[in-house]
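Chains D and L, in that order, are what the protein sequence lines are.
Numbering (the working numbering) for the first sequence: 29 to 371.
Numbering (the working numbering) for the second sequence: 29 to 371.
Incorrect hints may appear among the rest.
Because identical chains cannot be distinguished in the list, a pair is counted as satisfied if it fits within a single copy or across any two copies.
For lysine to aspartate or glutamate, the following DMTMM-like pairs were computed, each having C-alpha atoms within a straight-line distance of at most 25 angstroms [claimed, not checked]: (1) K304 - D227; (2) K299 - E232; (3) K354 - E224; (4) K211 - D89; (5) K183 - E298; (6) K94 - D313; (7) K250 - E226; (8) K141 - D67; (9) K141 - E97; (10) K171 - D220; (11) K94 - E224; (12) K53 - D364; (13) K106 - E320; (14) K58 - D237; (15) K111 - E97; (16) K304 - E325; (17) K111 - D67; (18) K304 - E166; (19) K95 - E112; (20) K141 - E226; (21) K143 - D67; (22) K94 - D67; (23) K91 - D364; (24) K92 - D284; (25) K118 - E78; (26) K287 - D313; (27) K361 - E240; (28) K354 - E226.
What the hints contain is simulated information worked out from the structure, not anything from laboratory work.
There are 2 protein chains.
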Amino acid sequence: MNLAILFGGISYEHEISIVSAITLKKSLSKENPLFIFLDSKNNFYLISPENMVAVNFSNGDYKKEKKLELTNSGFQHKTFFGKEMFNNLKVVNLIHGGQGEDGTIISLLEFYKIKAISPNREASVLSFNKGLTKIFAESVGVKTLSYQIFNINGKRKLNIIEFPIIVKPLSLGSSIGVSVVTKLSDLDYAFDTAFEFEDNLIVEPFIKDVKEFNVAGAFTDKLVISNIEEPQKGEILDFDTKYMDFSRGQTLETIDISKDLEKQLFENFEKIYMPKFIGSLIRCDFFLINDEVYLNEINSIPGSLANYLFTDFPNLLNSIEIPQPKTASVSYKYIDKIQRAKG
Amino acid sequence: MNLAILFGGISYEHEISIVSAITLKKSLSKENPLFIFLDSKNNFYLISPENMVAVNFSNGDYKKEKKLELTNSGFQHKTFFGKEMFNNLKVVNLIHGGQGEDGTIISLLEFYKIKAISPNREASVLSFNKGLTKIFAESVGVKTLSYQIFNINGKRKLNIIEFPIIVKPLSLGSSIGVSVVTKLSDLDYAFDTAFEFEDNLIVEPFIKDVKEFNVAGAFTDKLVISNIEEPQKGEILDFDTKYMDFSRGQTLETIDISKDLEKQLFENFEKIYMPKFIGSLIRCDFFLINDEVYLNEINSIPGSLANYLFTDFPNLLNSIEIPQPKTASVSYKYIDKIQRAKG
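So that you can see chain D by itself, here it is in the shape it has in the complex (with noise of 0.2 angstroms):
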């Protein structure tokens, strides 16, 4: 098995991921994974380590590394004399956001029947609609805060009353198009900003000075839960900060907060992850409201894996459980009867 991390793809979150690959390379010195970049034109490129830069992946000279074509069981590159093949491989996906986070990125890798660490196409539908993340939380008994979505096309009118409220484009991550609005007056323009980036947006009561707690995890032999990261930050964490902490590599270490919440905090995890997340490495966001736990969010693809939220992330990027899908058999028993029957 050759890792391979995947990064790049059509997203805002194009650059961070980018970032994101460069960090993680600094946390897998030992495993010395391929780099494949997927740019903004659809294509795929083999990038050499020591090209691992970012100022390589903006002033284009990526373009200049080994091209990279989808085909059964892994990636190949053609050659006028041949073709070289990638495969083999056990694929990280790495792409943040739009098509890495949506199912669509697994969804390739699963049709090439090419392994890879990654939320599968359930859990990328229910971790990237901010909407269905709710239901999906209720359904398996974890709370949220209340919401309403609202649509390009529809009307504004707000059951919440009671202000600040946080307007966000309803799967978009990273604080992209994201407004608090303390006053009725400011609310058509955090609209139309959010609008700006998606058709559907969701509106939540904004708590300010509420407590978050940040959770990882993800499904080896067992589940494994990360270190609890408390994140410092102001009212909402910017794209510029947020940008800063994809490239964070160092280990937390463990906050401290009571053995209660702490249980908590790893049973809202758990209730989340098992079983529809096995395969990937989420990161949970949860806010403590009146002592009680609520989801935040779903980050399903988290910046440079939350490496720094476990204390010995390479081994368990290599134990994470891939779960094979049953395959279904092709047969023509159907057809071949009726041509009996024909004679």
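On the provided structure of chain D, position chain L as indicated by the hints.
Relative to the frame of chain D, chain L by itself:
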């Protein structure tokens, strides 16, 4: 726009998809669509209209036809002398079950920027998994029967105590692996049967002689709803019967039901379809119990697209609106900013 029927695919319904495509060829004789076959080895072939006969697939003769490859914005056929491109396509996703209905195929087409009449990825995931269908239906105010989901590794402890019950693999169609169980001693056999096909199954009460009504529809510039069908059948539609069902081409007349029931069926269909299923033609199968409508299941790619339920099927198919996804822009402004800061 060139209409192209995509059929075959890896699923237990591979053969059914072939029959379905042959049926659509008859319904769309004036449209003269392309026929693209996906075989069990993940290869695409362009099938000449005269070879759209069942035996051509079962005996492997289709391999003599033009082999196609997916590429940006279409399919290509490579020869020694160059490439033949098939683009400007409107692909009809007619791959029943498996890859077609679970969201894989539409993800592939979306990745390569090929327009398609198909449930989108989110709608596919919600209709493919019968448990998620229940949760989704409830969230839009459509009733469903009570249910319980079992995993192959879990305990077989029933919460539903009244027999008969119906046991179904969680995400297969066409009655594959389905059993009606009338007494507890038959339960294990029914579970084993379903688990042969899939690791999860769903149990629901089985209501003998329940009234059933099928309604299909699609969004053009408005929601077009089909004639209503009351399927005539035995206890369960077995695979043979369903197989024949997929080859239906003759338009069905509207049945005689009360205006109130018709209204209820249409309203429930609309709740399911709008807006999640825009871009697709689906059939919803409803039960009528104590004068109330319950969703039985969503057929997100019904056999031969339920052409027999519509009075002008070719015109409907040509008018289905395919929404264009908002594409994220890829920029390098943050990387550029950092480079500038470095000097």
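Could you work out which earlier hints the structure fails to respect and list their numbers in ascending sequence? Result: hints 4, 6, 10, 11, 13, 14, 24, 27 break, sorted rising.
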